[in-house]
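Here is what each chain is made of, one letter per residue.
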Amino acid sequence: MSILKVNELRPQSGSNVTIQSGYTLRLGSKNLDSSSVMPSPSGQNGKILVSNGSSRNWEDHGAVSMSVWTSSGTWSRPSGVKRILVRIAGAGGAGSGVGEAGGAGGYAEEIIDVTGVSSISVTVGQPGSWGGTYYSGGAANGGTTSFGNYMSASGGNGANRNYQHCGGLPGVGSGGNLNIYGGGGSGHEYWSGYPGGGSFFGGAGATGHPRGGHYAYNHQYRAAVGSGGSPGYHTSRRGARGMAGVVCVWNFR
Amino acid sequence: MSRLLVNNIRAYSGSVITIPATTKLSLGGKTIGENSVLPSASGQSNKAIASDGSSIIYNTYGATGMQVFTSSGTYVKTSGTNQVMVRLVAAGGGGSGHCEAGGAGGFSEKILNVTGVGSVSVVIGTGGTGTYYSGRSGQGSSSSFGAFLSATGGDGANQSYQHAGGLGGIGAGGDVNMYGGGGSAHGRINGGGGYSFFGGSAARGHPRGGDYSRNHQSRSAPGSGGANGWFRSYLGPEGKHGMCVVWEFR
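Note that the protein sequences, when read in sequence, are chains B and S. Residue numbers for the first sequence follow numbering that gives the first Met the number 0, beginning at 0 and rising by one. Residue numbers for the second sequence follow numbering that gives the first Met the number 0, beginning at 0 and rising by one.
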């Protein structure tokens, strides 16, 4: 052990004072070497220093993007994304007439760690192919939405599918941190009655009057995703289809 | 003042050159010491450099988890959480008959810094009771998240005026504070309960399905108002209970 007492170090020549390779500079109890020095912040505006398990790199952070599906597909992890907040709704059931309306799709929400995941299959529930129908007829059920094996949300039932003249029961979420029902459809009323069941994302389409023709049916796409189909006027006007579900993914780094 | 002119420094023996902890090493005006040394990145995958108040550490960051309350309890902060986004809805009021339906609970939403908070008491409102046509249905009870946020329940049908639908409740204390939707008033057969932030009320039916709305009252969005019983002969459903959803961020 030798001790050197000095207040200032300067290079004898050039501008560098070097701790020669193979030697370590210890500050108090911690070793300062090439792996423990802050990398240059130049050009790294807004980034933070993140470990990849062996070294540190400047990375983006926070909510960086959103991916939305209204039909089935695949979520592929954007580079650097570590967690996702996923919101899904099932499709709404369709409406009939005289107030008989479809139920809304269920809803689920979850925060998922995706550091070990590269892609996840997305299925978006669609309204049944025959859509809305007339008074007292069985209207189409909405399909189930799912996000891989993590979570799913069932579709709402169509009017008259549970019992005659009864509104469709709503779907429900499962597998998420949050799993809730959508709103149910209304039952037999007079004339048009009430709109279909409301989903997490909003209300069903408008109900009408013969002055507007098949009003509920003609404007059936002007409704929130996952909402139930509204009924047609009385017995002579067709009910609206339910709305397709949705998958919304917020990507966090 | 002493000055050493040197290009290469090596240890006299062994491989370590030590600056004692009580001594400061100044690099062009910035002082460095033990706390300037970045800890090893090994085994710290996906964690970021952060401060624990005295030292440099590796920390998880971002949206890390969610807690959901559908009944009263205590929110215990997941260790390391810095901020939370809280969504709170109160319970819906109960429904009666002949379209007389309950209002939805109010809604409140807020981003809170919880670095100095360990736990928060959570109260979740329960739905107002349902009754028959023209009867006064119960008001949904309030929800709260500590002293930070609260929301009042929706009124029951016939509560404010005879044959009128229940008025929606209101949020307080949040960054967002909103009313829930109101319930429908006296009509022919089937109306609907008020919409909450989270969605619509229970389904309505017909005697073919028995006391349909009542039987399926749990199948409705949290905070929504109780729908109505068919005509005057069926019991109106209860309002749906409230809910609190906490997103945790680090």
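Hints listed in this document are in silico derivations from the structure and should not be mistaken for laboratory results. A few of these clues could be false.
[Stated by the list, open to error] Computed footprint of chain B on chain S; a stretch qualifies when at least three of its residues, placed anywhere within it, have a C-beta under 8 Å from a C-beta of chain B: (1) 49 to 62; (2) 195 to 204.
[Stated by the list, open to error] With a straight-line cut-off of 27 Å between C-alpha atoms, the simulated BS3-like cross-links for lysine-lysine are: (3) B:Lys29 / B:Lys4; (4) B:Lys29 / S:Lys109; (5) S:Lys29 / B:Lys29; (6) B:Lys29 / S:Lys76; (7) S:Lys109 / B:Lys4; (8) S:Lys76 / S:Lys23; (9) B:Lys4 / S:Lys76.
A quick note: this is a predicted structure, and the numbers were derived from the prediction, not measured. Even glycine gets a Cβ: it sits at the ideal position worked out from N, Cα and C.
| For which of the previously enumerated hints does the structure constitute a violation, in increasing order of number? | Violated: hints 4, 6, 7, 8 and 9.
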